[in-house]
Amino acid sequence: MIDLIKTSIKDSFIYSFGNIMLRISGFILLPVYLTQLSPAEYGILGLLEVTTQVLVQIFSLAMHLPLIRWYWAPEYHNKQKTIFFSTIMFSSLLAGLMLIIFLPWASTFAQFLFHDTNYANLIQLMLVSASLQIITMIPTTLARVQGKAILYTISHILNFIVSLLLTLFFILKLDMKVEGIYLAQILGYIVNILFLGRFIWQNSELNFDFTILKEMLNYSFPLALSSMASVLLTIADRYTLNILGQLSDVGVYSLGFKISNTLNVLVISSINLALTPLIYQKMEDPNNKRFYSKIMTYMTFGIMFFVLGLSLYSQEIVQLFAKDKAYWPAYRLVPILCFAIVFGMLKDLSTIGLNLKKKTKIIGLIVTIISFINVGLNFLFVSLLKTTGAALAMLLTQVIFFFVMFQAAQKQYRIPYEIQKIFKMLLLGGFLIGIGFFLFNENEPLIVRIFSKLFLIILFPIGLYLWNFYEPIEIQTIKGAWRKWRNPLNWKKNRSKIKLDRK
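Residue numbers (this note's numbering): 37 to 539.
Hints are all accurate, no fakes.
Cross-link-like lysine to aspartate or glutamate pairs, in silico, EDC-like; alpha carbons within 16 Å at most: (1) K115 / D245; (2) K460 / E507; (3) K330 / E507; (4) K213 / E77; (5) K117 / E241; (6) K330 / E510; (7) K395 / D384; (8) K115 / E241; (9) K115 / E251; (10) K330 / E454; (11) K213 / E85; (12) K330 / D384; (13) K457 / E510; (14) K457 / E507; (15) K117 / D245.
Distance windows between CB atoms, simulated: (16) G132 / I64: 28 to 38 Å; (17) F474 / Q446: 33 to 43 Å; (18) P110 / E77: 45 to 55 Å; (19) I486 / A362: 17 to 27 Å; (20) G183 / V440: 28 to 38 Å; (21) N157 / P452: 54 to 64 Å.
Just so you know, these hints were derived from the structure itself, not from any lab.
Every residue gets a Cβ at the ideal spot worked out from N, C-alpha and C, and that includes glycine.
Modelling step: build the complete structure from the supplied sequences, incorporating the hints.
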């Protein structure tokens, strides 16, 4: 069992590395975007990105999920290649159907989104990119199903490198703006498909099985509806800003969202990939509920340091990336959006009980209801406060989402989460961020701001100690770790001892 857990953790980190490399291109290119694109143009990019998410969720029908479920089913063991071939062919048909439906209406789509038919070519590029994303989702999922973590990661890294280099070439050399970004994405997906071509062929049997495909569709359709509702949660803010505000508002908000979302992309998603196998490994463990409870507590504790760092230094981060002062108000949105992401994480962790009890219909129902609440909150708050309103709507939605999901999950499978400790961390973190924003504004010298805010971050664990946050065993563990690692001269010896203990 220990070997299985180690393998799961190792593969999870490999997968997360591949995902991070693909997603991180947006952060690497951020300085280029902010110097080469106006806030309105960056707003166009933000709208196209969320529109792509919607189209991919609708037209993929979440077919990668039944592929995972059906591929290793004992009754279909001799039909694995047929299942894969049927899935990738059906996904390709769905991608083609999307192009047939929307390409002729590109001008109308452009008029709806941007009030300008001249952006029709951008809509066409976005549609092609979305269709290729739907197709590539299937072979990369198969690589995960077969445990080919290295192949999965290499394909993502290849996509990342091709897209990154071509984006730089198209924007900096050819001055192609947003068109260059999407053209680079398209070419990246094509290279990725060609790279996976041999893998696709080796795992295919030219036999389209309608019976199995129907079963897979019956399984995936409810999940697809839930996924669509989840996407609605992430896009309502930018669509509402576009309707009630201006494209420049969308651009400023998109920057604030991009910075705060590093919390999700680089930290939370990676931890989740490593933890998910362990959660299910612990299902039959008599001490599993304490384990699940501590996951929420310790994840929140660790994540709050990133929240404090991003929030307190949001002004410096925005000004470092964006020389255009029109982008600078984005820094005020970062703390609000960071806390929204924390509540989103808490919501996901609170669903452990529902997943263990296989009550996924409850999750789907709650997601759908909350999505409509989110749309209403966005129209209310954005009409009053524009970008700040969109951020507040996201935060309030995630708070409601957490409380509703938490209550539903506890009724099905009670876990003694340390909610009091969770809110101590959130309240103290919010208080320290408030002090940082109130006392150390742009009028203070940069060096003063940097060290003053660092002091506030250091105060976080100290403040929790004064608030009786830690258990005696946790204090002993912290003290023991400090004694063991405080002297850098002992680090090598300590690492060697850890390796011997593992053996």
